[in-house]
Amino acid sequence: MSKLLDIQGLRVHFDTLDGPVEALHSVSLSVNEGEIMGVVGESGCGKSVTSLVTIGLATCDVDDGSITFDGDELIQKTPQETEKILSILKYFSSFFTLGLILSLFWTFLEPIQGLQISAVMLSAFSICFVSRRILDAPRSRHEKFMRSIRGNKISMIFQEPMTALNPLYTVEKQVAEVLRQHDKLDAAESSMGLRIGQALVYPATLLSNFVRSDMRAGLQLIGAFMFIFIVHQSGNTDTILDILTLPISLLIDVFGVLFLILDLIPSIASSSKNITYLIYVVEIIVAYSVISFIEWEFLPAVFRGDILSKTPKSLVWYLVILILLWIPFGVLMTIIGSIAILAIPPIQISGFLRLDPAHTRQVVEILNEVKIPNPESVVKMYPHELSGGMRQRVMIAMMMACEPKLLIADEPTTALDVTIQAQILKLMKDLRDREGTAIMMITHDLGVIAETCDTVTVMYAGRVVETASVTELFANPKHAYTRGLIACTPSLSSERKSILPAIPGQVANPSDFVEGCRFCQRMERTGETLLKIPDYKEISPGHWVEMCPICLDENEDRWE
Amino acid sequence: MSDQEEILIEAKNLKKYFPIKSGMFSSAKAHVRAVDGVDFTIKRGEVFGVVGESGCGKTTLGRLILRLIPITEGTIHYSGSNIQNMKNTELRRKMQIVFQDPGGSMNPRMSVRSIIGEPLIVNGLADGAELTKKVGELLEIVGLKSNHMTRFPHEFSGGQKQRIALARALSLDPEFILLDEPTSALDVSVQAQVLNLLQAIQKERSLTFVFIAHDLAVVRHISDRVAVMYLGKIVEMADADEIYNNPKHAYTKALISAIPKPDPSSVVDREVLSGDVPSPVNPPPGCAFGHRVNHPKYPDSIDLDLSLVEVEPNHWVQPCPCCTEI
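So the protein lines, in turn, are chains A and B. Position one of the first sequence corresponds to residue 1 (my numbering), numbered consecutively onward. Position one of the second sequence corresponds to residue 1001 (my numbering), numbered consecutively onward.
Derived from the structure by calculation, the hints contain no laboratory data. Where hints are given, some of them may not hold.
[Said to hold, decoys possible] If you anchor each label on the Cβ, the simulated ranges turn out as follows:
| hint | chain 1 | residue 1 | chain 2 | residue 2 | range |
| --- | --- | --- | --- | --- | --- |
| 1 | B | Asn1246 | A | Asp535 | 22 to 28 Å |
| 2 | B | Leu1068 | A | Asp214 | 30 to 36 Å |
| 3 | A | Thr82 | B | Ser1114 | 51 to 57 Å |
| 4 | B | Leu1068 | A | Asp553 | 33 to 39 Å |
| 5 | A | Ala343 | B | Gly1104 | 58 to 64 Å |
| 6 | B | Gly1104 | A | Arg132 | 43 to 49 Å |
[What the hints assert, rightly or not] Examples of chain B residues toward chain A, derived with CB under 8 Å:
| hint | residue |
| --- | --- |
| 7 | Ser1054 |
| 8 | Ser1157 |
| 9 | Gly1159 |
| 10 | Ala1217 |
| 11 | Val1218 |
| 12 | Ala1240 |
| 13 | Asp1241 |
| 14 | Tyr1244 |
| 15 | Ile1259 |
| 16 | Asp1263 |
The structure presented is a predicted model; accordingly, all values stated were derived computationally and were not measured. Each residue gets a CB set at the ideal place from its N, CA and C atoms; glycine is no exception.
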């Protein structure tokens, strides 16, 4: 069997406020084609981080190591120098953006000089922008490549199916979206005109369905609309709106400025080193001083009418400045917000346009494969209408839609009951047998591992401590951590009410990890093992163990 | 032994229906029958396990015992007196609860000292330096250090939070503690630590526990007697060893066979129970589990009285023709 996924010496760190924290420390594991590989360990051992790095969704930085999937390298390393230049260019371009805005303002006072400065600023900004794009090209190409792999060749099932599914879309839409993204949808069969017609009628259908399903609430809604309509027709809206909005707008104005100032104080205090913060603060201070200048100097003048009566040009000035400065800092947000709200109906309708009976049949077929009863009605349902097991099945269906070669299941059954767990595990095994999909099963339940997996990797504190085939691991566990995990699971054959052999303590905080054997750290041992990284050796064919002499000694931790 | 035989909690024909309303002023359209006619007794000093899938009414049953929600029908007696007539202070001093989600059951703005000390202050049992001393003692009982009391819940891991929740429950020195899935959110190794702690405390203080969980291996490990619930009803109730070695009801058998065993050599192609628990709004008449598995004898159970019968000493089963072999 050839290796489908091969992770070698993966080393990643997270940048935190307390400096870099190493989450994975030379992780090496591999998944063969058509194999179910289990990754087991407690929370905080780096199981999920490994899977997220593989699929390219992690927010950490990869220091070292390689991930090969089906011959392709999934980790792309950007040279340190390029990273540095990119971050400097980022600061420069934000500086030139600010300069451009200020120089445009300057144009109104000194037209020629201002225009010259703004031209310089604009060209400098464009140079920054273009060079950033050029330097960043390999990375964006890699991003594109990862997008074509993700969900297509490698897909992932998450632990909590409710949070992984979008509550606003029907099952049909969510499953079809994966297929559309990877161009695997069947050709549409109904004509475009018909679907446009359906989309236009759709809101009316929703309304009539609502009224029909709940007559009283429907009538209340219609009554409210009628009231607003009558008020509009009789011309009372303006006075009502004035009374409603005036004091509120005043409050928002005053409190808005107050909150902004309060918000600024902590950011000033913590920003002495960081240039971006400084630019941000300068931006806000400049903007607010200009705005308050307008409010205290120009506005009374406008209201007194002396500017208006003397020169109409000054009014134009005022308006231009107002638009130039208020739009960037305040109104722009409102405009973006309103555009977003206005864009929702077209997006909804276009989403409706994309659905076609042929696509629905395709989705129904996929749901049928994961043994969802009555898939024709399930496709029209929203996630909240389904039970936990059904949601997890929909999730699996979605991930299996493109027939991936590797499926990463991150604690797929932890949130489910035992009976539903048995159903889901059986389903995943069947999928493997039928389609030959390799599965990487992440869990902390050794029962699940024993039931489903072919090989097992035990992780502890960002490192792989033991790898073996499942029969070998359970029959002949070598590392103290593996033995402890097996011993502490209550089983039906163990003696009732006995003291369970629990592993004391907990996984250390990643920032406190020692260089050497981390399980010895947890067991509060002292000595050489804490200082030197233990070798990772193959002791019998396919059985790899971290060779810490104390952890391998069966007399040391007996777990009784 | 006479101490063992004393009945602490006795529930008779306990029912809880939640109304489904469509608007603010409308009367209920239908009822969710969360707990639908349950009888059981809990002896003093025993651990009573309740298992079942989600949606079968385990948690509702626990909340009814503690009078956290009003009872629709039936009675619960706590050491002889009806809990409906007991005073709130009296009830809460004797009965405490540990919730499933340790993070969600604690106020993130309160320090551990005020979380554990709040019951003592409310009941006027301790204050000031005495409170600090008492909280320190409680923390040491549950295996934490007394200098942890100035910290806040977010500074602890899941297992430690569950220990704090247990210390809070123990603060009033209760006779009875309800444990609502205390280890479901924890890792196996931490689960083992918490289970050991629970057992030690139960033994030491001879407390009465009701242990609710969906993990049967855990329930078997800690319980003296186990009740299996399905769709608001108890379908089987017996001593822990008896129910696992000699299950009578088909649902109990299905639950036991669904436990993944940490032993790859014993993996057999077992029968996996299909489908979900049906909606408790319109439960099928007769034996609900027979209806789920489409048993050929299911129609015979529709008109029968399905209250529990004692088939062997201390082994109670729902006597339906489809799921039980008597």
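*Earlier hints that do not hold, by number*: 1, 4, 5
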